[in-house]
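Asker: Sequence:
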Amino acid sequence: MKRIVIGAVLTGVIIVIKMMVEYYFGIHSDKLHIAPYFVYLRYVIFLAAYLLVFYKIPFKGFKDFTGKGLVFFAIVAMIVGVGHFVYHSAINPDFEEDYKKFLIEKVEQNQEMKAEHKEIKIKEIEKRLKEYHWMNTPVGAMIFYFVETFIVGILYTLIGSWAFRKRKT
Numbered sequence: 001m002k003r004i005v006i007g008a009v010l011t012g013v014i015i016v017i018k019m020m021v022e023y024y025f026g027i028h029s030d031k032l033h034i035a036p037y038f039v040y041l042r043y044v045i046f047l048a049a050y051l052l053v054f055y056k057i058p059f060k061g062f063k064d065f066t067g068k069g070l071v072f073f074a075i076v077a078m079i080v081g082v083g084h085f086v087y088h089s090a091i092n093p094d095f096e097e098d099y100k101k102f103l104i105e106k107v108e109q110n111q112e113m114k115a116e117h118k119e120i121k122i123k124e125i126e127k128r129l130k131e132y133h134w135m136n137t138p139v140g141a142m143i144f145y146f147v148e149t150f151i152v153g154i155l156y157t158l159i160g161s162w163a164f165r166k167r168k169t
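One point on numbering: in the numbering used here, the residue at position 44 of the sequence shown is 44, and numbering is uninterrupted.
Incorrect hints may appear among the rest.
Derived DSSO-like pairs: lysine-lysine, alpha-carbon spacing no greater than 30 Å straight-line [unchecked claim]:
#: 1; residue 1: K106; residue 2: K123
#: 2; residue 1: K101; residue 2: K130
#: 3; residue 1: K100; residue 2: K130
#: 4; residue 1: K114; residue 2: K101
No lab work stands behind these hints: they were computed from the structure.
Could you build the full structure based on these sequences and the hints that come with them?
Answerer: The following block contains the structure:
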């Protein structure tokens, strides 16, 4: 169990460090066009850490593997949630405004779109951002990313438990 807790804490810390590196290099303010690719990197980190932590651990069966996997991802989800709380409250509180500017500039730079379509698209963007404003508050981001990380962890755990289950002969 000690190995699982240490692995989970390290995974959470790596994800938080990834967020800080993205912020340092301007991925979430100046270079938002490449930000979606970095989102997928977190899932690769989750999977790699999960496989490394569980590689040599002996399991008694499906329930044991599932239980340990859920503990692992609960710890990771807590650390990621707290990391997003700190990010949205202290490090980059202007993320929502930066993202809004990026989306509007992207629409305005589109040469193929007519002016009236651009105005409609900009209003849609503003409406959508108002609907999801709760997610850009520190507490909303913490809750969302905790739940999102834990759901991904549940899926990884169930797939891993199924793949590594003991087969009856």
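Asker: Evaluate each hint against the coordinates.
Answerer: Hint-by-hint comparison with the structure:
For the hint pairing K106 with K123, the CA-to-CA distance comes to about 14 Å; that is within 30 Å, so the pair holds. With a C-alpha separation of about 14 Å, the suggested pairing of K101 with K130 holds against the 30 Å cut-off. Proximity of K100 to K130 is assessed by CA-CA distance (about 10 Å); at most 30 Å being required, the pair is judged to hold. Restraint check: the Cα-Cα separation between K114 and K101 comes to about 19 Å, which is no more than 30 Å; the hinted pair holds.
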